[in-house]
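I would like the entire structure built from these sequences, with the hints used as guidance.
Protein chains: 2
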Amino acid sequence: MIETTLFNLLKKEIPSEFEIEDFARFFQYKKLEKDEYFIRQGELCRSVAFIEKGIVLYYKIADIGQVICDFAKEGEWITQYESFVNQDLSPISIKTIEPTEILVISFDKLQQLYEEVPTVMLLARKIIEKAFFSSLSRNDELQNLRANERYIKFAQDNPELVQRIPQYYIASYLGVAPQSLSRIRKKFIY
Amino acid sequence: MIETTLFNLLKKEIPSEFEIEDFARFFQYKKLEKDEYFIRQGELCRSVAFIEKGIVLYYKIADIGQVICDFAKEGEWITQYESFVNQDLSPISIKTIEPTEILVISFDKLQQLYEEVPTVMLLARKIIEKAFFSSLSRNDELQNLRANERYIKFAQDNPELVQRIPQYYIASYLGVAPQSLSRIRKKFIY
DNA sequence: AGATTTCATTCACATTTGTGAAGAAATGAT
DNA sequence: ATCATTTCTTCACAAATGTGAATGAAATCT
Numbered sequence: 001m002i003e004t005t006l007f008n009l010l011k012k013e014i015p016s017e018f019e020i021e022d023f024a025r026f027f028q029y030k031k032l033e034k035d036e037y038f039i040r041q042g043e044l045c046r047s048v049a050f051i052e053k054g055i056v057l058y059y060k061i062a063d064i065g066q067v068i069c070d071f072a073k074e075g076e077w078i079t080q081y082e083s084f085v086n087q088d089l090s091p092i093s094i095k096t097i098e099p100t101e102i103l104v105i106s107f108d109k110l111q112q113l114y115e116e117v118p119t120v121m122l123l124a125r126k127i128i129e130k131a132f133f134s135s136l137s138r139n140d141e142l143q144n145l146r147a148n149e150r151y152i153k154f155a156q157d158n159p160e161l162v163q164r165i166p167q168y169y170i171a172s173y174l175g176v177a178p179q180s181l182s183r184i185r186k187k188f189i190y
Numbered sequence: 001m002i003e004t005t006l007f008n009l010l011k012k013e014i015p016s017e018f019e020i021e022d023f024a025r026f027f028q029y030k031k032l033e034k035d036e037y038f039i040r041q042g043e044l045c046r047s048v049a050f051i052e053k054g055i056v057l058y059y060k061i062a063d064i065g066q067v068i069c070d071f072a073k074e075g076e077w078i079t080q081y082e083s084f085v086n087q088d089l090s091p092i093s094i095k096t097i098e099p100t101e102i103l104v105i106s107f108d109k110l111q112q113l114y115e116e117v118p119t120v121m122l123l124a125r126k127i128i129e130k131a132f133f134s135s136l137s138r139n140d141e142l143q144n145l146r147a148n149e150r151y152i153k154f155a156q157d158n159p160e161l162v163q164r165i166p167q168y169y170i171a172s173y174l175g176v177a178p179q180s181l182s183r184i185r186k187k188f189i190y
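Protein sequence lines correspond, in order, to chains A and B. Counting in this note's numbering, the first sequence runs from 1 upward without gaps. Counting in this note's numbering, the second sequence runs from 1 upward without gaps.
These are computed hints drawn from the structure, not numbers from a lab. Worth double-checking, as some hints may not be accurate.
[As the list claims (entries may be wrong)] Looking from chain A toward chain B, a few residues come up when the C-beta cut is under 8 Å (computed):
#1 Ile61
#2 Ile64
#3 Gln66
#4 Phe132
#5 Phe133
#6 Gln143
For each residue, glycine too, the CB sits at the ideal point set by N, CA and C.
Right, here's the structure in full:
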């Protein structure tokens, strides 16, 4: 379990005497089936994870039913920053939609890692900033693009996800009815 | 210019020997007319400001024309975090839509302030986190609410702004045509 | 393989939203 | 006060999107 994308990435990004084995002490490797949960709506979020392989779905149950908030795939972090930071109850659930392998680090271990390798904190900030900027550009798209334009952009930016994620999830993520997305797609496939 | 909302707030929030006068050294007070710019699309953003009084508009010129990205009013910070952090060209313009008074601090002075009063950095992080979380909930609203629901929520959350901001700006912010917003409003005013 | 469930498509129709034009109302300038 | 400009409203019509039901395809289970 030592030769992971994450540890190689950390070793490369973070200038320190730390070796891959040292990083590995802080993380717990987990193999999840399809439809297993990383966190459930209403629970406390006490850890962060890196996805080695697979896809997770962020969603919540609202009055209109299930709403897809986000996706994350291999090479990305699973963060529920809002509840992680405030140690508040999570407003959303995160679950796998494929067999998925993750490396988990608890809040406490993360603090230790920060202390042992302060540069990690810089990396963490960059990850959070990236999430922030993505959120801003998602606002822009939801505000200014039509459903069909949103789909085209999503498909261009995430060609793999279009293959791996059920369409009604993508529809929900784009804020559109599944039937409408089907109608939209018909115009681009000939 | 010493008795400002900002300096009282800093004095209250930040435990230190710093007095109001000490904070004042770092900020430059500016009085802006209506329609003056804090930053223009395509320029470098080298400062942050606190609004003592007035309202600013975040907007950009896109292919569909002018698009309103955000508002900020007295008691809030003017930040263009994306370009501020990366020292990149600003993708948006920020201008006043009322006579407005602000307290400006440059990037360099902010670093100095961080060094002299480290707790300021915590405050800064909280401000950025707040912007992040607002962005997430704006995503949620744009994704899941209809135009009329978005307007109702906006009006509930910002009753003052509804009075002070032209409606076609609000329409653009909500991602709706001004005529549609007018139609929506008709149903709630009797 | 067969049965069951889940997912995607299609259709008809309702509702929402966009668009361009016209005029009313409000605001600002002289 | 008068005029000019900006903002808001209204209308008729077009386009986009939602909804519920029906069908078929694909995936999953046993």
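Do the hints match the structure? See the list:
| no. | hint | in the structure |
| --- | --- | --- |
| 1 | Ile61 | violated, 12 Å |
| 2 | Ile64 | holds, 6 Å |
| 3 | Gln66 | violated, 11 Å |
| 4 | Phe132 | holds, 5 Å |
| 5 | Phe133 | holds, 6 Å |
| 6 | Gln143 | holds, 4 Å |
Hint compliance for this structure: hints 1 and 3 are not met, and every other hint is.
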